[in-house]
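Visitor: Starting from the two chains in their separate frames, assemble the complex, guided by the hints.
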Amino acid sequence: MKRNICLILLLFCILVFSGSAFALTGQEVLEKMDQTLQVETSRIEMKMTLVNEDGLKRERTIEILTKGNNALVRFLHPMDVEGTALLLLEENDESDMWLYLPALGNVRKVASHMQNGSFMGSDFTYQDFNMFGGEKYQEAYQQTELNTTVYDETECYLLETLPTSEDRGYSKIRIWVDSTNFMALKLEFYDLQDNLLKVMTNSDILDLDGQLTPQMIVMENVQQNTRTILEMTDIKYNQTIPDQVFSTRNLEK
Amino acid sequence: MKKVSDFVIKYSKTIITFVVLITIIMGYFVSKIEIQAGIEDMFPDHNPIVQRFNRANDQFGGMTFAVLMMEDDNIIDSETLHKIANLTEELEKISGVEEVVSLTNVDQIKGNLFGIEISQLIKTIPETKIEEDELKEIIMNNDQYSGSLISKDCKATGITVTFGKDLADTLQPVQEIKKVAQSYIGPEKIYFTGNPVIVNDAQESLKGDIFKLLPFVLAIFILILWLSFRRVSGILLPLATVLISIIWTIGALALLNKPLSIISVALPILLVSVGSAYTIHIIARLQEELAAGATGIIAVKNAITHVGIAVLIAGITTIVGFGSLVFSDLVIIKEFALSTAFGIAIALAISIFFVPAVYAHISVKSREKKSAQGNRSLTRGFAWVFNLVSQKSYFVFGVVILMVLISLLGMPRLYPETGYLNYFKADSSTRIAAAIVDQRFGGSGTLDIIIQGDVKDPDLLSRMAEFQDAAVQIDGLNNPISIVTLLRTVNQALNGDDPSMKVIPTTRQQIAQYLLLLNMSGPDATKPYLTFDEQTSRIQFLMENMEGSKIQQALEQVDQLILNHFSDKYQVEVTGMPVLTNEISNLLIRSQIQSIIASILLTFVITSILLKSIKRGLFCCLTIILTVVVNFGVMSWLKVPLDIATTMIASIAVGIGVDYSIHISTRYREEENSKHDPYLAMQNTIQHVGRANLYNAFAVIAGFCVLLLSSFPPIVSFGGLTALTMVVSFSSAIFLLPSLILLKPKATQNYVKKL
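These protein sequence lines map, in sequence, to chains A and B.
For the working numbering, count along the first sequence from 1 and bump the result up by 2.
For the working numbering, count along the second sequence from 1 and bump the result up by 274.
With the rest of the complex left out, here is chain B (with noise of 0.2 Å):
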């Protein structure tokens, strides 16, 4: 360290120019970055459940769509009918756009007098009222429409927007349709749900709200600083540590053309919070070098010398800890790990190279000596907080045993949540109409059961058919579709449209011969059910938006089902939206814990070797693992549920948080080897390191607790747990950590007796 601090006073000059320089070429690369709204990243190809995903979506298509449902007195009118046919040829039109089906497009299977017609529901819009009512009646007493394409009151109808089959092509031609559509509301109203709509709306939120309430993260940030140093420089150089730091990141991101993911959005925040650490040491440091005496250069010398290396530890750590999500399986968390980890090293290298060398240059005499040596409170309330962990150990140790013991009762209670719809407040437009379209339509997502063989074959129609109609009763699942509804309906069609008719054919050559009519009036009849060689066929359920819990009851249900009416003879597979969202996001939440547990071994390796002593290493650890089970502890009582915004918390906890630890155990180390008396040494690190300590935790504290204020759900609970554990690996470096260390029966009763 002593070499550093001599190279960054020797080219203090330099070192200015050169950060300066690039800031300034990366600020300008900065405004080329890109939000990436795609969440094809999301989607890792080799896992099963995707591919089965991907699989079905190639075989039958029309997986990914949106719903939008038009809302009037009445459905059937003149005007109302146009307005749906303008819409849906408008719709058709935007790109990534594959198929659009409503009430004025939709064909149907119908017998008459001679034998069976696949037409369209409506040929031609009815023009006077004697047509709208006949055209009325002839649709609702269809079961084919009343009740799936429009509601049985006739105030509701449904108009299905299919995309491609890329995942990630769906949020632009969302974002048109939105816009299309809002030139046809009223008097109707409309609603606009389904997957792709809701990932839209949880993704325009965070990014709204992360942007909106930045400036205030970082007025607090400022105020806190101020009231910290009371020092402009005390407040230019953290903040410019962590704006230097973020145009790096953003600038080097977008000289790679790389966008920014959703994840990524938060990394501004994060910087924010841990960027501004390493500088806070480094000034709290060499305030208190001045306050010992040290003049100028020599001062600036001695604070790189001797706080560096906490610094550094601490940087390390944290990079590390974000570095450790490199192995996540999500490439989305994996650019986010790396971006973080860059950002980091970034503002590690600011505060050790650029912040002294700019102290270097300006006076820093007299009033940072009045400044350290100010607020006599902050020293009284640090000399309690050594008597209490010298004296009063096992008071803290009680306390901590108490805390671990709520949380981990707690933890039971844990519960993921998957469903991007919860991300929402119950009263959010997103909410209301995703809910709407389920009351009307029963979902907006679907279910689909892949099935493998001859459906030919009248036993395995007919055991379709059975688990078909098994499957409707199942809580949350409605309107199955499949090949079986077709061939029903062909029969009924083919028999004067007998409803006593709508049922399967039973012979094969049936089978065969209804199929060979359906593809009679072209390839796509069947597509949508069944594949071209007829050997795979799917079940397409309506499944209502529910919450994570709900809906892996129905699969269960689901699974039981096919158990029941297929395991003997053929292969069954589950797939649709509601499964791909479950799995990705408990995926995330997977790889989030390992990388939890990862980055405690690997933080635990780290402090172990920098601070020569395996038991300090381990003490460090203890407090970050402290912090993670009380961060779980407090989600499970206070039923906030895992998902991929709180489960990240915990690794941000464990590469922010070991910092206070690490600054703790270093300065001790420092103090010990020049004071050779542990509770002197304590005694003097608390004091010092606490304070800086103290500053840097109240600064990202209150910086979180900014986002407090957000409207959307996700992002409350992130800056409010992010505090939270703020507020907990403060308390365990300045609490736990002593106590740790201190806790050496001989040393306590030579101190005793001293006393």
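Bound-form chain A, shown alone (with noise of 0.2 Å):
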């Protein structure tokens, strides 16, 4: 009798729950996911480690800087590369992107359709990136299917989205978002021909001054085996950071 009772209770309380989700449409939990992100500045270090398919590594620590749609990426080591930066500028809609490499010593244009291809060899491309900018996940993505389900043990909100600009190289986006803090967990990304591109996994997720951040990000190609691990090695959100500091004179400083 005492188990039926613990039943019944099991019953309701799933119940009351994937009720309260579906109280959710699948547009509201894009927007919630958009405010869990939203910073003003942030400063992020990170090593990024690409592994091809033999399993060769190739290290990299990056330093990136965001503030509204404006980022700055440079190149802190290796050695050789250290003080190469990029710099990515989005006005009306227009994003430029500049390329600064201290060999050279000045500031060069990097052609626009460059910014639909990988960033900096890794299995993201600069789209991918956008999303640790200012991007929104409500702009980019319009949702068609919600469902909850449970992944790595925890309850999830898993949305099917549907890129809204044709240039993504997407058909379709699977994401699982963590239905208590909306932390996107795992993002599937298909081709255009509906077939499975890549998978991104979200994990060691801390709270940094009430900014939920995965420590690590893992983007792998399952089509071409290949893998791109990022660690976050210090994180600074909401700092004052100049507007000069994202301006091609400041990149060639």
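Some hints could be false.
[Unchecked claim] Estimated spans, in silico, between C-beta atoms of each pair: (1) A:D209 with B:D381: 18 to 26 Å; (2) B:N769 with A:T156: 48 to 56 Å; (3) A:E96 with B:Q713: 45 to 53 Å; (4) B:K426 with A:P80: 41 to 49 Å; (5) A:Y192 with B:K426: 43 to 51 Å; (6) A:T156 with B:P322: 50 to 58 Å; (7) A:D56 with B:K426: 38 to 46 Å; (8) B:V777 with A:D95: 34 to 42 Å; (9) B:D381 with A:K49: 29 to 37 Å; (10) B:K429 with A:V247: 48 to 56 Å; (11) B:Q826 with A:K49: 49 to 57 Å; (12) B:P533 with A:E155: 31 to 39 Å; (13) A:E96 with B:P322: 21 to 29 Å; (14) B:D381 with A:S167: 54 to 62 Å.
[Said to hold, decoys possible] A short list of chain B residues far from chain A (calculated; beta carbon distances all over 12 Å): (15) F490; (16) L517; (17) A565; (18) G716; (19) L768; (20) N769; (21) I785; (22) I836.
[Said to hold, decoys possible] Using 25 Å as the maximum straight-line C-alpha spacing, the simulated BS3-like pairs for lysine-lysine come out as follows: (23) B:K277 with A:K174; (24) B:K801 with B:K889; (25) B:K452 with B:K699; (26) B:K666 with B:K889; (27) B:K699 with B:K306; (28) B:K453 with B:K481; (29) B:K426 with B:K463; (30) B:K397 with B:K367; (31) B:K776 with A:K111; (32) B:K463 with B:K699; (33) A:K111 with B:K397; (34) A:K59 with A:K49; (35) B:K801 with A:K49; (36) A:K59 with B:K801; (37) B:K277 with B:K886.
Calculated directly from the structure, the hints in this document are not laboratory data.
We put the CB at the ideal spot given by N, CA and C, even for glycine.
Guide: Here it is as structure tokens:
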């Protein structure tokens, strides 16, 4: 009898819980996700490890500064590329990319279509990386389906989203979102032929200055069997970063 | 042998039923045999040169590719470019094709007002004349493409099709590419070449001609048998032996799920020539017994008892001869050897069991007598032979020594030909395509130089640049491409596209940052030239199709340059398809020559044991050594190169050629035991066995001569040389061997006295 009561209680809990889940629409989940990610500025130092199909590794340390829609990526290590920097500016929906090579001593503009390509030869595209900056999920994707599920022992929303613009290079993205804190835990990217292309997982999520942040992000290209691992070593949010940091003149300094 | 003959007579019906049943069953499986187009078995995994090639292919890819060349009055016009774009797209869809690079999808590194750009050379295909001219201006002035992707006169363009890493997987896609390309011909011409294409064409020609000519070989064979025996059974039984052994062997292969390899395609022709001999000797002996007055069953029994042992020795030596190829490094040769040995064993068994069993059931009386007695001119001919070997053996030895001397004199001229391309006639489409692509673009194969070392080290990079610029002066090497080429282009692009800045960066930082820049456009930008860990790089040269000797010469020059530029500090390896095929062919030739030596030794051991005399064993071996020497001598004087097919002939010569000698030896021993006079014994031997040998040799020689009609040069030389070795081994068995056996000074004197 006692067992039965437990079972009924459990069922009740599940019903109540899932009821509350369905109370949110997919678009609302995307909105809430954006809220968890919103920061004024960020300064993140991370180790980026590229692993190729044979398991060979390439390690780099980079620092990423963001403010609004602008971002500055600077190489800290290895020594021979130290100081190499990439500036991504977005103005009036137009994005520009500038590159500074210390060996050359001046700033070069990078062709716009390269922005759809791989970020620093990693498994991330520049657009994937934008998620670290100011880009909003709800602007970039529209949700088509919403379910609840369990991922890694965590109650999750499972969103199936379609990119709002065609040049993303994905047909759809499935996102597992922690239903308690709206942190995306896993993303599956599907290529234009609708085959699974990449899987991104966020782990070691910490609360930093009230901002949930994964300490480790892994992007795995399942078609080419390559991986990129990002390990955060230093994160600072909402510090003052002057606007002129995001200028080509600053790059050359 | 007596027990065998009793068994055959007793169970003749069972034997016939059994053979017929198995043949029907195996015949069913023959229809299921597949011909394997793959060449993977040609590549033994443990060979260092093959390992080097595979390693480079794993690291960098793109080692196995073919080139489609499109020729037109003007490549850069809207219509042709659309065609190229469509063709490129269609080729990309073919399974087994990894990458297709053409004018319409190639990337370029370009400097512009702002900085650098890596993008498609042709973003949109021009539609108007003005746009066409603009594009033409851009492309023809860009030395990244002009001369390598598009010819300098703008009349030809290359489409490079790279295959996956598995070498075996190229032939299926090659055939599909051919089909696809066919539909794009006109008004543009399309040429298709590259190593996989040449290998494919070689296999196609080989298969085509062998199957086309086999019926003619059989027809000639039947004709000769008719002329020899003038009896239906004299034709049907040898033919049945051959066909049954072919059916069983191919059926067994199909049962074991083993496809016929490209070399094994020669198996039926081999079995025709070898397999028939055993039956011919049995029938000849049977006729002889009948002529001597034996009747029906008794004649059959006698035939088995007397000639059975010779047939058995002949069969075993041939099986051992082919069996020795089992030790070859190459699986393809191993399988060929095993299946041939199996086929011969079947033919042997059929001759000893099935043929006499059939004879036990058919009437073999008067007509056999008649035919055995017939042909007086043959009798006179053999009498002449006997006189020659018994009285003028010095003449025989003189001729033999002269032949050996002439052959040995030619030996230094022998040369290996390892390129598949040289198998084709000069006016064949395969060679024309290769020559045109060579002329327009500098080659359809690559020579790959793999260099170990930190490429960010300016010292290594400048050595690579110097090496690359020096090596391009070597005959046959063109259009090098490497990380050096890429970095020069980036440097130029970053410096306002100034041609004078097309130089390599000079500091470690510069190199590292340029590489980083290249990798930003995706990890694939540097992949063909630099490994992920940036510790191994590749310089890839286009290499023209050349004769084996010229390839050798170019490789030696490359080695010298490597010695000059790298040897003190860096580890450098040379690989590429030409190196690989060179090595594979050398390997084949080496393994063939080893197996010739091994099989001569084995034949010596077996014949010595079975003839119970080391001297007789040695004599038998001398006849085949003579055959092999003359074979190579003729090849050297007629400028027939050593290649896979021609070296195999020597093995065949050993296996088959020794049979003639074995028959002479065993019969002589039999005659010697009953007659006690060596000369009388030899006279009988030559008269009787000589005849069977002649029929056999004649049938085989005529059969192989049919192959001279082939349009594919390797088949022509294979047929011609095999026929020649049969002439030599037959002649040496009938002239040299008796002369050697009778070479007893005392006996000669006695005989002369008697006369």
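Visitor: Look at each hint and say if it fits the structure.
Guide: So, going through the hints one by one against the coordinates:
Remark: the range hint 18 to 26 Å for D209 (chain A) to D381 (chain B) is contradicted by a beta-carbon distance near 45 Å. Distance hint check: the CB atoms of N769 (chain B) and T156 (chain A) are about 54 Å apart, consistent with the given range 48 to 56 Å. At about 49 Å, the CB distance of E96 (chain A) to Q713 (chain B) agrees with the hint of 45 to 53 Å. Take K426 (chain B) and P80 (chain A): their Cβ atoms lie about 42 Å apart, and the range 41 to 49 Å holds.
A beta carbon spacing of about 45 Å between Y192 (chain A) and K426 (chain B) agrees with the range 43 to 51 Å that was offered as a hint. A beta carbon spacing of about 54 Å between T156 (chain A) and P322 (chain B) agrees with the range 50 to 58 Å that was offered as a hint. Checking the proposed 38 to 46 Å range against D56 (chain A) and K426 (chain B) shows it holds: the Cβ atoms sit about 39 Å from each other. Between V777 (chain B) and D95 (chain A) the beta carbon distance is about 40 Å. The supplied range of 34 to 42 Å therefore holds.
Checked against the given bound of 29 to 37 Å, the beta carbons of D381 (chain B) and K49 (chain A), roughly 30 Å apart, stay inside it. The hint said 48 to 56 Å for the Cβ distance between K429 (chain B) and V247 (chain A), and at roughly 55 Å that hint holds. At roughly 51 Å, the beta carbons of Q826 (chain B) and K49 (chain A) sit within the given window of 49 to 57 Å. Between P533 (chain B) and E155 (chain A) the C-beta distance comes to about 53 Å, which lies outside the given range of 31 to 39 Å.
Judged by the Cβ atoms, the range 21 to 29 Å given for E96 (chain A) and P322 (chain B) is violated: they are separated by roughly 57 Å. Distance hint check for D381 (chain B) and S167 (chain A): the Cβ-Cβ separation is about 24 Å, which falls outside the suggested range of 54 to 62 Å. Residue placement check: F490 (chain B) keeps its beta carbon more than 12 Å from all beta carbons of chain A (closest about 53 Å). No beta-carbon of chain A is positioned within 12 Å of the beta-carbon of L517 (chain B); the least distance is around 53 Å.
For A565 (chain B), the requirement that its beta carbon stay farther than 12 Å from each beta carbon of chain A is met, with the minimum near 77 Å. Separation of G716 (chain B) from chain A is adequate, the least Cβ-Cβ distance of about 31 Å exceeding the 12 Å criterion. With a closest Cβ-Cβ approach of about 6 Å to chain A, L768 (chain B) is found to fall inside the 12 Å limit, against its non-interface label. For N769 (chain B), the shortest C-beta to C-beta distance to chain A comes to about 9 Å, within the 12 Å cut-off, and the non-interface label is violated.
Distance check for I785 (chain B) against chain A: the nearest CB is about 8 Å away, which does not clear 12 Å, and the non-interface claim fails. Its beta-carbon lying about 26 Å from the closest one in chain A, I836 (chain B) satisfies the requirement of being farther than 12 Å from that chain. The suggested pairing of K277 (chain B) with K174 (chain A) is violated, with an alpha-carbon distance near 82 Å, which exceeds 25 Å. Proposed proximity of K801 (chain B) and K889 (chain B) is contradicted: the alpha carbons are some 66 Å apart, above 25 Å.
Restraint check for K452 (chain B) and K699 (chain B): the C-alpha separation of about 20 Å stays at or below 25 Å, so the hint holds. Taking the CA atoms of K666 (chain B) and K889 (chain B), the gap is near 21 Å; set against the 25 Å cutoff, the hint holds. Among the hinted pairs, K699 (chain B) with K306 (chain B) is inconsistent with the structure: their alpha-carbon atoms are about 33 Å apart, more than 25 Å. The straight-line distance between the Cα atoms of K453 (chain B) and K481 (chain B) is roughly 19 Å, inside the 25 Å bound, and the hint therefore holds.
This hinted pair checks out: K426 (chain B) and K463 (chain B) have alpha carbons roughly 17 Å apart, not beyond 25 Å. Between K397 (chain B) and K367 (chain B), the direct Cα distance comes to roughly 21 Å. Compliance with the 25 Å bound is thereby established for this hinted pair. As the CA atoms of K776 (chain B) and K111 (chain A) are separated by approximately 20 Å, the hinted pair is consistent with the 25 Å bound. About 21 Å separates the Cα atoms of K463 (chain B) and K699 (chain B), which keeps this hinted pair within 25 Å; it holds.
Our distance criterion of 25 Å between C-alpha atoms is met by K111 (chain A) and K397 (chain B), whose separation comes to about 20 Å. With a C-alpha separation of about 12 Å, the suggested pairing of K59 (chain A) with K49 (chain A) holds against the 25 Å cut-off. For the hint pairing K801 (chain B) with K49 (chain A), the CA-to-CA distance comes to about 23 Å; that is within 25 Å, so the pair holds. Between K59 (chain A) and K801 (chain B) the alpha-carbon distance is near 14 Å, which keeps this suggested pair within the 25 Å criterion.
Taking the CA atoms of K277 (chain B) and K886 (chain B), the gap is near 21 Å; set against the 25 Å cutoff, the hint holds.
Checked against the numbered hints given earlier, this structure breaks hints 1, 12, 13, 14, 19, 20, 21, 23, 24, 27; the rest are met.
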